[in-house]
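Whole structure, please, built from the sequences with the hints as guidance.
2 protein chains.
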Amino acid sequence: MVPTITWRDNYVVMIDQRKLPFKENYVVCKTPAQVAKAIRKMVIRGAPAIGVAAAMGLALGANRIKSINRLTFERHFLRICEQMAKARPTASNLFWAVQTMQEVLKKHPTASVRELKDLLRTKADELLAADQAINRAIGLNGQTVVPDEATVLTHCNAGALATAGYGTALGVVRAAWEAGKNIQVLADETRPFLQGSRLTAWELQQDNIPVTLITDSMAGYLMSKGRVQLIVVGADRVAANGDVANKIGTYSLAVLAKENKVPFYVAAPLSTIDLSVPTGDEIPIEERDPREVTHSLGQAIAPAGTTAWNPAFDVTPNRFIEGIITEKGIARKPYRKTLKAMKSQSA
Amino acid sequence: MVPTITWRDNYVVMIDQRKLPFKENYVVCKTPAQVAKAIRKMVIRGAPAIGVAAAMGLALGANRIKSINRLTFERHFLRICEQMAKARPTASNLFWAVQTMQEVLKKHPTASVRELKDLLRTKADELLAADQAINRAIGLNGQTVVPDEATVLTHCNAGALATAGYGTALGVVRAAWEAGKNIQVLADETRPFLQGSRLTAWELQQDNIPVTLITDSMAGYLMSKGRVQLIVVGADRVAANGDVANKIGTYSLAVLAKENKVPFYVAAPLSTIDLSVPTGDEIPIEERDPREVTHSLGQAIAPAGTTAWNPAFDVTPNRFIEGIITEKGIARKPYRKTLKAMKSQSA
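Those protein sequence lines, which keep their order, are chains A and B.
The first sequence begins at 3 in the numbering used here and counts up one residue at a time.
The second sequence begins at 3 in the numbering used here and counts up one residue at a time.
Think of the hints as simulated: they come from the structure by calculation, not from any bench.
All values reported here derive from a predicted model rather than from experimental measurement.
Just so you know, not all the hints are guaranteed correct.
In silico lysine-lysine, DSSO-like type, Cα no more than 30 angstroms apart, as pairs [unchecked claim]:
no., chain 1, residue 1, chain 2, residue 2
1, A, K345, A, K108
2, A, K227, B, K260
3, B, K335, A, K260
4, B, K25, A, K21
5, A, K260, B, K227
6, B, K263, A, K227
7, A, K227, B, K43
8, B, K21, A, K21
9, B, K21, A, K25
10, A, K335, B, K263
11, B, K260, A, K335
12, B, K32, B, K21
13, A, K227, B, K335
14, B, K342, A, K227
15, A, K88, B, K227
16, A, K183, A, K263
17, B, K88, B, K119
18, A, K227, B, K227
19, B, K88, A, K227
20, A, K342, B, K227
Below, the structure written as structure tokens:
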């Protein structure tokens with residue numbers, strides 16, 4: 003499996019997820035602005051991967067600051083942090099990563115600029131490595147809810163490509179597979195960006211995990227026919243009450259899961275849980291370029307000049323969610339209590 | 003508006019709906035086998051349009067039979083009917099049209115072959131003209147449930163292109179618009195064949211009715227945000243109990259509509275109602291080439307060799323349906339009673 007994001011000669015390198023699986027192009031970022039742009043343009047996507055990319059971008063930015071005066075360095079660094087935080091509005095891991103990097107400065111009030119640069123790079127490396135370990139833990143915790151024989155439906159790509167490796171929702175799938183369970187995956191194609199058909203199908207094929215592609219609108223019918231035993235998706239932000247912002251279409255799956263008595267789980271690291279946001283209503287939902295909807299992989303699918311709407315995420319109310327699988331275990335209702343307890347456990 | 007299907011020099015001509023709106027190509031059918039192929043390949047689609055095409059194809063076929071012996075003619079004609087009925091399995095209008103044409107022979111037991119050919123052509127012309135009138139009546143009946151200010155969501159294309167003209171679900175929209183109501187339409191793109199983005203958006207733009215395109219997975223979120231006041235879709239077959247087979251994704255919309263208290267209506271001519279099928283469970287659901295799912299307008303959207311599943315329709319249980327709008331009025335629960343009464347009224 004190709005790495006989602008890595009260092010090369012002190013530059014940040016990402017596989018271009020807009021081109022996969024048809025081309026394996028790599029984007030080299032030499033400045034934090036290039037990293038922010040790569041996030042915005044979805045060269046890299048997936049909440050955990052965005053968090054790691056932001057941290058690496060900030061380490062890159064810190065290293066480029068010329069001043070050896072600590073106050074000047076801090077001012078420059080904070081400006082870079084502000085720019086990075088604007089890259090995309092919904093995934094909380096972005097803000098969490100920026101905050102985590104800023105805390106390095108606070109925790110080392112007497113460090114020199116040279117030392118801070120090293121500390122920031124070390125922190126970014128830690129976040130990169132930690133994310134892979136976190137995903138392994140999510141997988142082990144989550145695989146306990148996967149039946150021995152099951153078709154697991156997932157939406158978008160919450161896999162190795164959405165993280166530093168292994169994946170959240172697909173981490174659960176991988177762990178169940180590695181535990182010897184006889185599972186197969188149903189992958190929603192996930193229009194408009196086609197993360198399901200392009201990334202999830204590709205990832206699972208590389209691991210030889212059986213996967214069948216469907217259009218987004220087929221999922222409900224399959225549930226009604228008893229063809230889905232479990233749904234696991236990732237998350238871009240989880241509110242304090244357990245409402246979940248995730249890729250557009252997630253809410254529909256959750257409602258259909260409830261109607262058809264299919265357990266619906268969310269898999270996400272604690273960094274995706276944002277206790278500062280009381281409910282899903284307060285999570286900002288990014289609206290992207292309508293061209294993503296009027297086109298598919300650059301090809302027009304509607305008459306020229308068609309008006310389109312393109313919300314990138316939706317919010318699934320907590321009542322539809324059977325459990326939220328994190329690296330610390332599976333949080334269950336009431337989420338306001340269990341998520342808070344889990345977060346404090348990790349702090 | 004271009005006609006969906008028409009006669010030209012005794013040949014059947016259809017606009018190629020696989021190419022719209024990017025190309026206005028016409029397919030000329032000189033034999034009933036060519037008409038059946040056009041139906042199978044979705045040059046023409048939409049239950050009412052398929053019915054009309056089948057009738058015209060049978061008139062074409064009758065005219066080509068060389069024998070002037072009535073028994074020989076009947077034998078040939080029945081074979082053509084059998085072939086035509088195999089074109090696609092789900093839409094009941096196909097079987098209804100074939101049966102209607104066969105009844106011409108039964109109703110004229112002493113007619114000559116020459117006379118039968120004329121009678122069959124006349125019957126096909128009647129069905130073509132009647133379908134347009136039926137759609138106007140569906141529109142007038144249905145527009146009574148459209149609020150004065152409303153966003154109406156529809157799925158697939160149940161418009162002029164799915165019928166001989168005007169449309170069923172879009173007939174309701176057109177009639178509401180013509181009645182001066184301030185409405186706008188949300189069109190699901192309707193993967194895999196993209197009837198929504200290619201055909202519905204195009205049709206409504208030609209009539210200057212405001213339309214906004216969304217991906218299929220956005221509909222639920224919009225409902226949850228109160229942005230949809232009404233859903234109207236077409237039907238491929240309605241069972242005696244009011245269960246509705248329609249384009250894949252319809253079931254999901256209906257479940258989401260119920261969750262969000264959005265009225266969900268089906269618009270269809272009585273020829274779509276099949277009283278011989280007790281419930282939706284007995285309606286055969288066509289599965290089409292997985293390539294339609296792994297590709298979009300001929301372009302690959304998944305890794306080569308990806309397994310896919312492609313059910314073309316799903317079944318919406320009657321409990322999710324607020325009303326079934328026909329040319330005779332709006333049938334409401336209990337459908338087993340109201341649909342039967344409406345059908346006998348038309349017989």
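Verification of the supplied hints:
1. A:K345 - A:K108: 21 angstroms, holds
2. A:K227 - B:K260: 19 angstroms, holds
3. B:K335 - A:K260: It holds: about 24 angstroms lies between the C-alpha atoms, which stays within 30 angstroms.
4. B:K25 - A:K21: 28 angstroms, holds
5. A:K260 - B:K227: 19 angstroms, holds
6. B:K263 - A:K227: 24 angstroms, holds
7. A:K227 - B:K43: 27 angstroms, holds
8. B:K21 - A:K21: 26 angstroms, holds
9. B:K21 - A:K25: Within the cut-off at roughly 28 angstroms; holds.
10. A:K335 - B:K263: Holds, at roughly 26 angstroms.
11. B:K260 - A:K335: 24 angstroms, holds
12. B:K32 - B:K21: With Cα atoms ~21 angstroms apart, B:K32 and B:K21 stay inside 30 angstroms; holds.
13. A:K227 - B:K335: 24 angstroms, holds
14. B:K342 - A:K227: Within the cut-off at roughly 28 angstroms; holds.
15. A:K88 - B:K227: 25 angstroms, holds
16. A:K183 - A:K263: 22 angstroms, holds
17. B:K88 - B:K119: Roughly 22 angstroms between the alpha carbons, so the hint for B:K88 and B:K119 holds.
18. A:K227 - B:K227: 28 angstroms, holds
19. B:K88 - A:K227: Holds: B:K88 and A:K227 sit about 25 angstroms apart, inside 30 angstroms.
20. A:K342 - B:K227: 28 angstroms, holds
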